[in-house]
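Number of protein chains: 2
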Amino acid sequence: MKKLLNDPSDYVDESLAGLELAHPDIYRRAAASPRVVTRAKPIRPGKVGVVSGGGSGHLPTFTGFVGQGLLDACSIGNVFAGPSVDDCVEAMREANGGAGVLRLYGNYGGDRMNFDMAGEMLEMEGIETTTVLAADDIASAGPDEWRKRRGVAGLILAYKTTGAKAEQDGATLAEVTEVARKTTEATATIGVGLTSCIVPEAGKPTFAIGADEIEMGIGIHGEPGIWRGPLRPADALAGEMVERLLADTAMAGGERVAVLVNSLGATPLEELYILHRVVASELKAKGITIGFVRVGRYATSMEMAGASISFLRLDRELEGLLRAPATCPFWSNEP
Amino acid sequence: MKKLLNDPSDYVDESLAGLELAHPDIYRRAAASPRVVTRAKPIRPGKVGVVSGGGSGHLPTFTGFVGQGLLDACSIGNVFAGPSVDDCVEAMREANGGAGVLRLYGNYGGDRMNFDMAGEMLEMEGIETTTVLAADDIASAGPDEWRKRRGVAGLILAYKTTGAKAEQDGATLAEVTEVARKTTEATATIGVGLTSCIVPEAGKPTFAIGADEIEMGIGIHGEPGIWRGPLRPADALAGEMVERLLADTAMAGGERVAVLVNSLGATPLEELYILHRVVASELKAKGITIGFVRVGRYATSMEMAGASISFLRLDRELEGLLRAPATCPFWSNEP
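Here the protein sequences come in this chain order: A and B. End of the first sequence = 335 in UniProt numbering, gap-free, step of one. End of the second sequence = 335 in UniProt numbering, gap-free, step of one.
By construction, these hints were calculated from the structure, which means they are not laboratory data. Note that the structure is a prediction, hence the values are computed from the model and not measured. Check before you lean on any hint, since a few could be wrong.
DSBU-like, lysine-lysine: derived pairs with alpha carbons at most 35 angstroms apart [as the list claims (entries may be wrong)]:
| hint | chain 1 | residue 1 | chain 2 | residue 2 |
| --- | --- | --- | --- | --- |
| 1 | A | K2 | B | K286 |
| 2 | A | K286 | A | K148 |
| 3 | B | K41 | A | K284 |
Full structure from sequences and hints, please.
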């Protein structure tokens with residue numbers, strides 16, 4: 001297993017310790033649990049808290065997106081395993097500024113169960129909470145069953161819009177929740193996987209895939225996609241991904257879209273930009289304007305090779321919130 | 001070959017096309033050559049130009065660091081091959097605001113030859129130029145022969161200090177050059193490689209390395225390092241890297257240092273932070289204060305697994321320049 005680690009069972013805690021040591025002005029691990037990361041400074045009284053969480057192994061998702069204009073706190077599980085109920089409770093307590101707390105995370109059964117249970121406990125403490133799930137992976141269920149979809153890289157765009165809304169003076173829990181709902185419902189993602197990652201405690205690839213084989217529609221834990229077949233040229237793959245996203249979202253000429261081209265880990269920036277060429281030209285040909293774009297590693301599966309493309313249909317509010325400044329090592333405030 | 005590409009001979013140009021399409025407010029390919037990337041806006045008259053260049057396959061190095069507070073222009077070669085003389089000339093012309101142009105790049109024979117020739121041509125056009133070479137890889141030559149060292153990830157810290165200095169009103173070519181010189185001479189880097197990358201036009205791994213084997217001191221093109229041996233725990237590797245850097249730089253208690261923990265590509269953030277834990281604790285034990293830190297993918301070898309650690313001995317000026325704001329997709333202005 002070619003990973004830079006010590007005891008595999010220490011992978012997550014050592015990694016979080018390093019994160020806090022590297023960025024002490026951004027992140028703080030909660031006193032109550034090393035698996036809860038909050039902002040370095042306590043939440044502003046009256047601010048709606050935005051909390052997320054999920055398994056480790058996806059950095060900078062989820063934890064990395066704690067920061068000003070993004071998340072207030074995050075609960076973290078083992079690699080590819082959901083956070084504990086206690087840690088979800090603790091993350092929400094940390095994010096409680098008296099104006100309620102939104103739980104915004106990916107649609108996975110274990111995470112839902114634990115976050116829901118934690119939410120009930122918070123309600124008993126008199127803290128109002130809401131839930132919005134990211135369910136953007138179009139390969140995981142059809143458009144009529146979109147609520148069953150898994151949450152993947154599109155979640156990051158929801159972090160950004162929701163986090164920006166929550167920074168606005170006087171924004172209410174209902175308003176922040178509505179931005180999250182609107183963003184997640186307008187987001188669609190599809191991924192393509194080239195290699196498996198290695199979960200440290202397993203010590204071997206999560207799934208087998210042939211030397212020239214790829215999987216269209218793969219999930220960020222290696223969940224099966226739509227088809228497996230031989231590697232095709234990047235333009236053909238990107239073309240198919242764009243076509244599937246356009247068909248799913250029924251986006252039409254004259255609309256504006258945010259684009260996220262995301263590496264699943266090992267795939268280099270050079271190749272993401274090769275894909276983005278196709279995204280840009282296909283959208284232009286359809287008369288759809290790219291209003292916002294990010295290319296890089298946002299939601300990974302450690303060293304998995306592959307990429308995903310996300311589209312978020314924009315309205316004026318969402319576009320403004322995407323462009324609002326944020327402070328976090330994994331977000332650049334380019335124009 | 002598991003890469004997302006089309007014809008391997010189009011890898012670089014398609015990638016640069018995507019870069020420009022994704023970030024049109026940051027980057028512009030020069031009219032005279034698609035292998036020269038400049039800032040979207042022409043250089044401010046009277047500003048010293050800072051130019052770099054090198055082979056492709058290291059994104060975000062070199063091209064990605066064109067931006068406000070960083071580089072003015074960059075000439076790009078094929079994967080792991082230096083830029084042409086013509087493109088070096090063109091990059092310097094684009095970066096000429098009438099106050100001279102600094103060439104700041106890594107110490108590789110081909111790049112030197114072409115940049116020197118280009119510099120002579122510019123001088124004939126009446127444009128004053130200077131050169132500073134990054135030579136930070138301590139594995140590539142001993143401290144007494146440090147000028148023979150290769151330039152690796154430490155170059156990015158020099159981009160940052162030099163680029164920030166060049167933004168200051170009235171900064172002269174001599175002053176900007178001096179900041180670059182001071183930064184490069186105070187920077188030391190060591191890398192460890194776990195796997196090879198694949199050069200697109202070669203289509204196979206650049207070098208063979210056993211399934212449990214690693215190479216300490218590897219270069220960013222796979223150049224041989226100090227030793228090859230079985231993979232060790234991350235703490236042992238990071239400990240050795242820190243020890244080698246401290247021995248080379250003779251840094252002592254009471255000093256301040258900037259730290260860059262860099263992935264060579266596939267190695268995920270989780271593992272970089274595991275390494276950073278060790279860096280932080282070893283430096284603390286020595287009484288050395290970390291004044292600035294970045295962890296992420298700054299100088300890669302496409303999908304190579306491995307990491308490097310760079311130290312830059314700080315003085316007040318360099319620390320301030322590192323913290324100055326910059327605008328570029330690959331730089332976050334965290335505190």
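Given the proposed pairing of K41(B) with K284(A), does the C-alpha separation stay at or below 35 angstroms? holds, 24 angstroms
Please verify whether K2(A) and K286(B) have alpha carbons no more than 35 angstroms apart. Status holds; Cα separation ~30 angstroms.
So if I understand the rule, the pair passes when the alpha-carbon distance is 35 angstroms or less; does K286(A) with K148(A) pass? holds, 29 angstroms
Comparing the model with each earlier hint shows no violations; every hint is respected.
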